[in-house]
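Protein chains: 2
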Amino acid sequence: MRAEHVNPFVKALVTTFRTMLNCRATRGPLRLKQDIFPPFEISGVVGLSGKAAGTVVVSLSEAVALRATSAMLMMDATEIDSDVIDAVGEITNMVAGSAKAELYEYELSISLPSVITGRGHEVRFPSNVTPLCVPFETDWGALHLEVGLTEVAVSAGA
Amino acid sequence: MRAEHVNPFVKALVTTFRTMLNCRATRGPLRLKQDIFPPFEISGVVGLSGKAAGTVVVSLSEAVALRATSAMLMMDATEIDSDVIDAVGEITNMVAGSAKAELYEYELSISLPSVITGRGHEVRFPSNVTPLCVPFETDWGALHLEVGLTEVAVSAGA
Chain A
1 MRAEHVNPFV
11 KALVTTFRTM
21 LNCRATRGPL
31 RLKQDIFPPF
41 EISGVVGLSG
51 KAAGTVVVSL
61 SEAVALRATS
71 AMLMMDATEI
81 DSDVIDAVGE
91 ITNMVAGSAK
101 AELYEYELSI
111 SLPSVITGRG
121 HEVRFPSNVT
131 PLCVPFETDW
141 GALHLEVGLT
151 EVAVSAGA
Chain B
159 MRAEHVNPFV
169 KALVTTFRTM
179 LNCRATRGPL
189 RLKQDIFPPF
199 EISGVVGLSG
209 KAAGTVVVSL
219 SEAVALRATS
229 AMLMMDATEI
239 DSDVIDAVGE
249 ITNMVAGSAK
259 AELYEYELSI
269 SLPSVITGRG
279 HEVRFPSNVT
289 PLCVPFETDW
299 GALHLEVGLT
309 EVAVSAGA
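If you read the protein sequences in the order shown, they are chains A and B. Under this note's numbering, the residues of the first sequence are numbered 1 to 158, in order. Under this note's numbering, the residues of the second sequence are numbered 159 to 316, in order.
Read the hints as simulated data drawn from the structure, not as lab findings. We put the CB at the ideal spot given by N, CA and C, even for glycine. Honestly, I wouldn't trust all of these hints.
[What the hints assert, rightly or not] Cut-off 30 Å, straight-line C-alpha distance, at most; resulting in silico cross-link-like pairs (DSSO-like, lysine-lysine):
{"no.": "1", "chain 1": "A", "residue 1": "K11", "chain 2": "B", "residue 2": "K209"}
{"no.": "2", "chain 1": "B", "residue 1": "K209", "chain 2": "B", "residue 2": "K169"}
{"no.": "3", "chain 1": "B", "residue 1": "K169", "chain 2": "A", "residue 2": "K11"}
{"no.": "4", "chain 1": "A", "residue 1": "K11", "chain 2": "A", "residue 2": "K51"}
{"no.": "5", "chain 1": "B", "residue 1": "K209", "chain 2": "A", "residue 2": "K51"}
[What the hints assert, rightly or not] Pairwise CB distance ranges (calculated):
{"no.": "6", "chain 1": "A", "residue 1": "M20", "chain 2": "B", "residue 2": "R182", "range": "47 to 55 Å"}
{"no.": "7", "chain 1": "B", "residue 1": "E263", "chain 2": "A", "residue 2": "T19", "range": "29 to 37 Å"}
{"no.": "8", "chain 1": "A", "residue 1": "D139", "chain 2": "B", "residue 2": "A311", "range": "30 to 38 Å"}
{"no.": "9", "chain 1": "A", "residue 1": "R31", "chain 2": "B", "residue 2": "R277", "range": "20 to 28 Å"}
{"no.": "10", "chain 1": "A", "residue 1": "Y104", "chain 2": "B", "residue 2": "L231", "range": "25 to 33 Å"}
{"no.": "11", "chain 1": "B", "residue 1": "R160", "chain 2": "A", "residue 2": "R2", "range": "37 to 45 Å"}
{"no.": "12", "chain 1": "A", "residue 1": "D76", "chain 2": "B", "residue 2": "R160", "range": "12 to 20 Å"}
{"no.": "13", "chain 1": "A", "residue 1": "R31", "chain 2": "B", "residue 2": "T184", "range": "40 to 48 Å"}
{"no.": "14", "chain 1": "A", "residue 1": "R18", "chain 2": "B", "residue 2": "N286", "range": "20 to 28 Å"}
{"no.": "15", "chain 1": "A", "residue 1": "E107", "chain 2": "B", "residue 2": "N180", "range": "35 to 43 Å"}
Given only the sequences and the hints, what does the whole structure look like? Please build it.
What follows is the structure, encoded as structure tokens:
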């Protein structure tokens, strides 16, 4: 995947956190997946397809997920329940939806979000895809964004 | 999601196991997600989008994943490594790809597969989506298939 393709996702994450959650998110340096084994407990996953196929993953610690849910729903989230699942899915969905508008040349459409829970879970990509990871610091703690995107051969009909 | 929409995925899974892996897979009764908390260690996830948006999840025990990889790659897989990740991703991809052909009215395209590892992980859907689960018995042990699919409002631009 081309490094410049990650930028719309980075911008979308910063904007989503600022406008939806009133939370500042500051990106760190781009990394290859291999460098990171995140201790994060919850990941939102959204698939992208069209003239490119890909996946966006937003991984959060439980603490950040609870704060984000509390801010989004204006309530006090204290455990990983269906509200938190929905909030993490919606954040990931907004990051994907906002980035796809900038990547209009690929005519992307987005799947339902799915949300992975479980300490020690890992989201992995096929070995022929090199996802790019961007760590973020927010007012509430760390999170990271991961994007894998590859162009689809036209004959594949995708 | 409509129950009849799960059938193309069920048929695709049986066919994929038979033709790719030379393994018989027999479906059990349709269940709602809430009934199952799978002890499976590895899940392939593929997003679907188009005139409907959805997600397909194929969850396998480590034992079934190793046997399937060994059959697919004609080698002896003994641990969850990148070969196993690729094989589980490819199986999920084939199930999604084959089902999308039958659901042509939705003009679905499919995302990259992602593969979740980690004992105790759980793949969850937004609360407004009711995924349908189908347990299977195979020559190698149990697995399950989960599908969430909802029609997309045209004005949303998919």
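State the violated hints by number, sorted upward, taking the hints as numbered earlier in the document. Those not satisfied are hints 3, 10, 12.
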